[in-house]
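Quick note, the sequences are listed as chains A and B, same order.
For the first sequence, counting from 1, position 1 maps to 29 in my numbering; every step adds exactly one.
For the second sequence, counting from 1, position 588 maps to 596 in my numbering; every step adds exactly one.
Among the hints, a few may not be true.
Here are the in silico distance ranges between beta carbons for each label pair [stated by the list, open to error]:
1. B:A1029 - A:G82: 31 to 41 Å
2. B:A1040 - A:I164: 42 to 52 Å
3. B:Q508 - A:G189: 52 to 62 Å
4. A:A251 - B:A1040: 32 to 42 Å
5. B:F599 - A:H182: 46 to 56 Å
6. A:D132 - B:K623: 32 to 42 Å
7. B:A1029 - A:A54: 19 to 29 Å
8. A:Q219 - B:G595: 47 to 57 Å
Reference listing, derived: stretches of chain B covered by chain A, where coverage requires no fewer than 3 residues with Cβ under 8 Å from a Cβ of chain A [claimed, not checked]:
9. 157 to 163
10. 756 to 767
Rather than coming from a laboratory, the hints here were simulated on the basis of the structure.
Ideal Cβ placement from N, Cα and C applies to all residues, glycine included.
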Amino acid sequence: MIRRGSPRTYRAAMLDVFQIAKTYPAPRGPLTILSGVSFTLHLGDAAAIMGPSGAGKSTLLYILGGLEQPTSGTVALDGRNPYALSEKELAAFRNQAIGFIFQDHCLLPQCSVLENVLVPTLVSTTEPRASASGYIARARDLLAQVGLSDRLDHRPAELSGGEKQRVALARALIRKPLLLLCDEPTGNLDQASADVVASLLLELHRQQETILIVVTHSAELAARFPLRYELRDANLHPAGA
Amino acid sequence: MRTSTLLARNLAWYWRTNLAVLLGVATAAGVLGGALLVGDSVRASLRDLVLARLGNTDYVVARNGFFRENLAASFNKTGREACPTIAIEGMVAHQASGRRAYAVQIYGVDQRFGPAPQGRQILLSAALADELGAKPGDTLLVRVEKPSAIPLESLHGRKEDVGKTIRLTLGSAAPREFSLNPQQGDVRAAYVPLARLQKELGEIGKVNTILLGPTADPARLLAAHYTLEDLGIKTRTLPNAIAVETDTTLIPDALAERATATAKSLGLSTQPVLTYLANSIRANGREIPYSVVTALAAPPAPADPASITLNQWAAHDLNAKPGDPVSLDYYVWQSDGSLHTETAQFRLVQIVPIAGAAADRNYAPEYPGITESNSLRDWDPPFPLDLHRIRPADEQYWKQYRTTPKAFIALARGQQLWGTRFGKLTSIRISPPSPAFAGALRAALDPAQMGLTVTPVKARSLAASQGATDFGEYFVYFSFFLMVSALLLTGLFFKLGIEQRLREIGVLRALGFSISRIRAMFLLEGAALAVAGSLLGLAGALAYGAIIVFGLRTWWIDAVGTRMISLHPSIVSLATGALAGIVTGLGTIAFALRKLEPVTPRGLLAGEQKRHSVKRPLIVGTIAALLALILLASALLRALDQTAAFFGAGTLLLIAAISLQSAVLNRRSSASIGGLTTLALRSAAYRPGRSILCIAQIACATFLIVSVDAFRQTGDSAGTGGYPLMAESVLPLIHDPNTPAGRDALNIPPLPGVRFIPFRLRPGDDTSCLNLYRPRNPRILAPPAAFLRSAHFAFQDSVPHTPNPWLLLDEPLPGGAIPAIADASSMTYVLHLTLGQDFVLNGARFRIVAALHDSLFQSELLISEKNFLRLFPDVEGYRFFLLDVPPQKAQQVTGTLEDALSDYGFDIQSTAARLAGFHKVENTYLSTFRSLGALGLVLGTVGLAAILLRNALERRRELALLRAVGYRPSHLAAMVLAENLLLLLLGLATGTVCALLAIAPAVSLRGGQLPVASLALLLAAVLATGIGASLAATRAALRSPLLAALRSE
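Construct the complete structure from the given sequences, taking the supplied hints into account.
Take a look at the structure:
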């Protein structure tokens, strides 16, 4: 287990995915979305997963993020299988170890930019309450890094699509997660905004030393990742294979 | 950032939905609190009324007879002046117009009472003055029963002209609105100068009532200061004894027992005496007219009951010797108001000289019109006297010996022949005469047992003001569905809010919020809304309560019979309503939250909702249906109280129907869509939870409206027993109007085909729904034995079951309880008794043995005449009558009798009108409660409109797509309307069918008749309202630019 705050000089923490399968019941028989998906990633790795629409990319992402139970197979992040945890432990695991960025940002419209970034800290069980000010400082720092330090009190409705996605990025990193999962993070953005978000994403991933997995159908975005995979025929293949 | 910050943001951001939830809770809390306030207000108003009318009167000293006015002075030592009064019932007539008012309380008062009339003045309460149309200066005739110490229904009671009419002039002063009896109706009282009334009634210096203010231990004060005279007891000092007598001329058994015990305790001996007047003493073909005969348990009376002793004068006049048969002819008063002559046979055993005990003329008590006469011919007895029979020898005897008995018989025989319910002795001789005896007797007597009572009238009235009907409970009961509707609306809008925030919930789950944490957050939001809603509901409760109370004073005044009801807010009721609002609101919200868990975070992010199971609602529905059937069967078999079973079965049937519909809607249909209709049906099943909520609200409101309306009385009840008319008199009728002699005595012309059924009446508290106060001293009627055998009127039940429950009144009960019959409605809802239950009244135990069904006897209890005379010997004559009259003659007979018997205050009413009066109250309650159903309907319609609009707005893209592929706006409108109509009709049908099924037992009891027309009208109104809401929502949804929705996110 990597202690937080210490330099990550070795690549012990990893995401180990083994023989993941997912099928859904359907009126005409079970529908197999994933079958035998296996791979391993380490801290600092950034991978893009591509594939045609309906291939199961988002399904795989949600399985990795503990949001949807696989039909079979195992997932282990830093040696912990989220699906072996109780519901409360799983929630704490997601809060502490995983950051999510969704295609449509999923910001809470009733909260300000700063408050949206701080939402995950409300259920933190690993940090004492006294670090509330610490979280605020970190949130401000993250927002400054994504270029929104002058928009802290603004509501999501007052932001552009790209700005909302930048807030979502800051929110995903507030708890210093091990794993950062992004589902089409630039899918709803124009080219310029998409470039900005993509650059910020990769930069912050590098700074925070997370495992970054991005699901995208954008070849331009995928090209910026050192690791590229393609999901087809219910399985994950290295891109170009 | 704190959780509280997020909560505050959520509450503010989703203010529209939250406002709807808050208003739903506010409505539920307001309705409950308001219903409780109605009960508080009615009770408090009744209390205020009774306190205002009693004024300073806390206790009342009273007797069924008169006592010294000076007794009042004994209570003046407490610092407050006691007020001696005469309080009697009478009638008042306005001489100029001829208008009459019956059953008026007449008070003889002076300045100690308050504003009092002077001289020949009379003052009237405002309502009575209005009723008579009387103005100051008008002449009024007051008629009351003339007091008679000697019982009217005894030989020496004066029966001709039992009333006294007093002519007075209406004064201008406004008198106190005074009443000793708790009643919500207007005070109908007349105030007459005390001295004038005493003089007119021949009771100078006497009263029958003393009004006392707050007094410590008034019973002790009374016991210390009353005299034997106050109880109508006289002691006459004789040469060798003291004679204890009463002003009624008869010694009650209780007094006889007490006097004997007192004498014994003082070492004195007693001699009981019964003296009677024989019309004739006959022997050997001769007779002596109008002779005093005395029955003793000692000489000169014989010991043998079959023997007789004559004095020498009588023996000589009859030429009788020992061994000769001797007959006594004497009058006996019959209950039909006639005098019968009966004869008793004896054998002469002894002839005694008129000396010693045989010469004692004091065996006879004082009989007005007889004992003070100087000659037989001067006698003025209240029975027929044939003066032709009186011989000079008889006059000579009277002149010399007066009331000295001519004959003596054994006491036991005398009591057998001449004993009455008023007593079996005319005096008790105490010897030797002891000055200590009177005081000892006074100390030994209980004035209450002798009829001189102290009643804590204020305490009793305040207890009565708790009410016979708990309006609060009734309004809570019938507001139940209104509250359910409000809570359904609360749950509906909260559910809509959750659905609106499903993605947000998914995000929170993704960010690490556990389901329990999310649920807790929503619960906190819900709690804040519930508390705020309940606080707002306090204002709603006051408003709701105020509207209901205003309604009771105006539109629904027939339910309470008074305008004196006002709102009395109570902290307890308001707090209860608020607390209940918080609890039920929070419960509803918690129930709505239970659906969150089973959907995965991914599903939430996709806006997915849990697909409800089909199995659970099926199980719930089946169980509920079975339980409902069991309850219905129990109601039919009378194993359970019908009202409780009805509501239980109806509620269970509703639950069953809604559960089963939920199972159907949640079932994933595999049938293909064949047209617009099936598309609409599929749409209704898309959000089954909303659809079910909608159906439930409409069903609840319809259930209430249909079920309540079915109990409306249509006025064709058989509760009149076949008698078209009934009557009450202010003065008792002693004579039987069914006999020629009786009609002659009452001055009634012959009435062919008319039969009177006279009932004895002991006045008391009305036990019907017309009386809001709790009856503590019910009115009691006693029908004649012949009526019991005639088996008129329908019974709901009896214990034991018998073809003619009337006969149970004469059956002795184990333990000595007195059998009584009551109307079922009065028994259940006013007296709060059940069949077979005992209750105590005036120290006597009664038992309800039968319950009449919707009869005209709702204001009283009925017992047998035999038991009535035993319990209330002082109540004389008949004051209640059923009249068997050919219907076509009813009006003519009414006019004839009311005119002929106007001196008795004979007031006739049609029995149908009497029943209609009771039904009017019941129907007004139903109208009130139906209004609540209408409110529930309004809420249901609001819910329906909200669902429709929400559904349409959520499906804007879907509707836009249909437009894009060629559907016209009319197609879309038809589709949306079809879905809405489906929900509406399901709700209506569910509510109606469940209500009809559940009330079938009650309807069959009422003859199987349903007010079909008014029900159909109601349901049509519900349907129209629902269709109107549907159209409005459809129009609103389709008005927005649907095609633009295709492009929107």
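Evaluated hints:
In this structure, A1029 of chain B and G82 of chain A break the distance hint of 31 to 41 Å, their C-beta atoms being roughly 53 Å apart. Evaluation of the 42 to 52 Å hint for A1040 of chain B and I164 of chain A yields a pass: the beta carbon distance comes to about 49 Å. A beta carbon spacing of about 22 Å between Q508 of chain B and G189 of chain A contradicts the range 52 to 62 Å that was offered as a hint. Taken as a hint, the range 32 to 42 Å is violated for the pair A251 of chain A and A1040 of chain B, whose Cβ atoms sit roughly 56 Å apart.
Checking the proposed 46 to 56 Å range against F599 of chain B and H182 of chain A shows it is violated: the Cβ atoms sit about 37 Å from each other. In this structure, D132 of chain A and K623 of chain B meet the distance hint of 32 to 42 Å, their C-beta atoms being roughly 36 Å apart. One distance hint, 19 to 29 Å for the beta-carbon pair A1029 of chain B and A54 of chain A, is violated here, with the actual separation near 48 Å. Checking the proposed 47 to 57 Å range against Q219 of chain A and G595 of chain B shows it holds: the Cβ atoms sit about 53 Å from each other.
Only when three residues or more bring their CB closer than 8 Å to a CB of chain A does the claim for the segment 157 to 163 of chain B stand; here the count is 0, and the claim is violated. Remark: the segment 756 to 767 of chain B is not confirmed as covered by chain A, as 0 of its residues place a Cβ nearer than 8 Å to a Cβ of that chain, below the required three.
Taken one by one, the earlier hints fail for this structure at numbers 1, 3, 4, 5, 7, 9, 10, listed in ascending order.
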